[in-house]
Amino acid sequence: MPDSTNNSFIPKAGPVQHRRTSASKQVYLFTLISYIMIFATLIASAGTFFYKKYQDNLLLEEHSKLYESIKVFSEANMKKVLDYDRRLQQANNRFDNSISIASILVALEAATADTVKIETLDFERQLDDKVILSAEIKTDNFDSTIFQRGTYEGNGILQSVVIDSLNTASIDGNISDTTGEQVESSKFVSFLATIEVPLSEVPYTGDDIQSSVQITQPVTETQPSVSDIGNNNSTN
Amino acid sequence: MVSGGLFTQIGMLIISVGIIFTYIKPEFVKIGEVQDLISEYQIQGTKVLSVNSKLSDYVSRIDTRSAEEQRRLKNYIPDTVDSVVVLRDLYLMTKQAGVIYVDAEYQESNTKTSSRASNNEVTDNNSKLPLAHPISLSVEGTYDQIKIMLNLLEHNNYPLQISTLSMSSSESGMMKADIELNTYSYREFEVDDNTL
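As you go down the protein sequences, you meet chains A and B in turn. When the first sequence is numbered by this note's numbering, its final residue is 236 and no position is left out of the sequence of numbers. When the second sequence is numbered by this note's numbering, its final residue is 196 and no position is left out of the sequence of numbers.
Because the hints were derived from the structure by calculation, they are not lab data. Keep in mind that the hints are not guaranteed to be accurate.
To be verified - Covered stretches of chain B (in silico footprint by chain A; criterion: 3 or more residues with CB under 8 Å from a CB of chain A, positions within the stretch not fixed):
#, segment
1, 23-36
2, 59-73
3, 157-164
Unchecked claim - In silico DSBU-like cross-links for lysine-lysine, where the CA-CA straight-line distance does not exceed 35 Å:
#, chain 1, residue 1, chain 2, residue 2
4, A, K71, B, K54
5, B, K47, B, K128
6, B, K95, A, K117
7, B, K30, A, K53
8, B, K54, A, K65
9, B, K74, B, K128
10, A, K79, B, K47
11, A, K52, A, K65
12, B, K74, B, K95
13, B, K95, A, K71
14, B, K176, A, K138
15, A, K71, B, K47
16, A, K53, A, K71
17, A, K130, B, K95
18, A, K80, B, K74
19, A, K80, B, K128
20, B, K74, B, K47
21, A, K117, A, K130
22, B, K74, B, K176
23, B, K25, A, K53
24, A, K79, B, K128
25, A, K79, B, K54
26, B, K25, A, K65
27, B, K176, A, K65
28, B, K25, B, K54
29, A, K52, B, K47
30, A, K52, A, K79
31, A, K80, B, K47
32, A, K71, B, K30
33, B, K128, A, K71
34, A, K65, A, K80
35, B, K30, A, K138
36, A, K79, B, K74
To be verified - A short, non-exhaustive set of chain B residues, derived as facing chain A with CB atoms under 10 Å:
#, residue
37, G11
38, V17
39, V86
40, N151
The beta-carbon is built from N, C-alpha and C at its ideal position, and this holds for glycine as well.
Starting from the given sequences, assemble the full structure and let the hints guide the process.
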């Protein structure tokens, strides 16, 4: 029996052979970049978000720590400390500037010759710097005046001795200027001695006044020489 | 023909850039600011801790001072001067020295910020200086008695500092001493934020 399948006038096609096309594995650089960018951005956003949260928490923590520290601070204690410190400073200031007026008197006694008489004596404290002594002094002659000035100047405590308002009085009490022969004939000479005493020279030591004063130059009354008188007169 | 994938990719890039500039960059700036704040808080916190530590140290040092020392300090620079006590003390000193108590007058220091002392030590705006309270005292006696009186004034347990002294012979043949002296009280200070 003839094969009926070959009788058709329709040409027979052989079995279809599909060309198998493999999927394209080509990746474009632009595509890669865009994917990387989007994923990196998303990851960075998430990271930034959480890191910001972490930093905010850290800030809150530091804030609460500082607040706690400030709460511990006691204004009352600070006031107490400042008050105590200020009181100590004020006490120290006065104590450091304490002086001994009695010591000045002792020094003045030691430096005053027997032939002079102090009529009045004034002290004036000039801030915390020095004491100004003003003494109205009466002597029997000019030699004693010159000698007295010398002993004050030579004293270690009494400084910057200025003699002024120098007057002489005659026997009958008339006051005349100090010139020439009248000096020799006058009965007494009066003058005003202004002496500076630095506070540092007479600090208060708490000792007895007799031991607190040390006269640097012992006072011994000697007859001044003619040359000394001449020099001193020239300075006057 | 342009494929739809390209538009998507371009869109992704634009979104990425948008996110970077609208979220990530501003957040980084904020994070920087927060970090600056954190470091500032840490610095200030350290300072506060240091102050607290020093303060407690000073307080404990003050508290360890004996009551006697505290009393002496307050006696030397009291909060206020009791004029009656001062004048009584002066009177007792004159008795002890043997001089005649002629007159004494206490002058109240007028304000907390100024002193009425004529040539005295206290100047305004200097809290290291206490308030001066001037007292005038007149006594009569021999030179030695007056010297003892001055010595007693110096040895007092609170300051009686002589600002002026005038000595002269009185009509009775004795010496007269007019003394201007100062005693002191604590000068208060204002506590403000800068002080603390």
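* Asked: Which hint numbers does the structure go against, in order from smallest to largest?
  -> Numbers 13, 27, 28, 30, 35, 39 - these are the hints that the structure violates, sorted from lowest upward.
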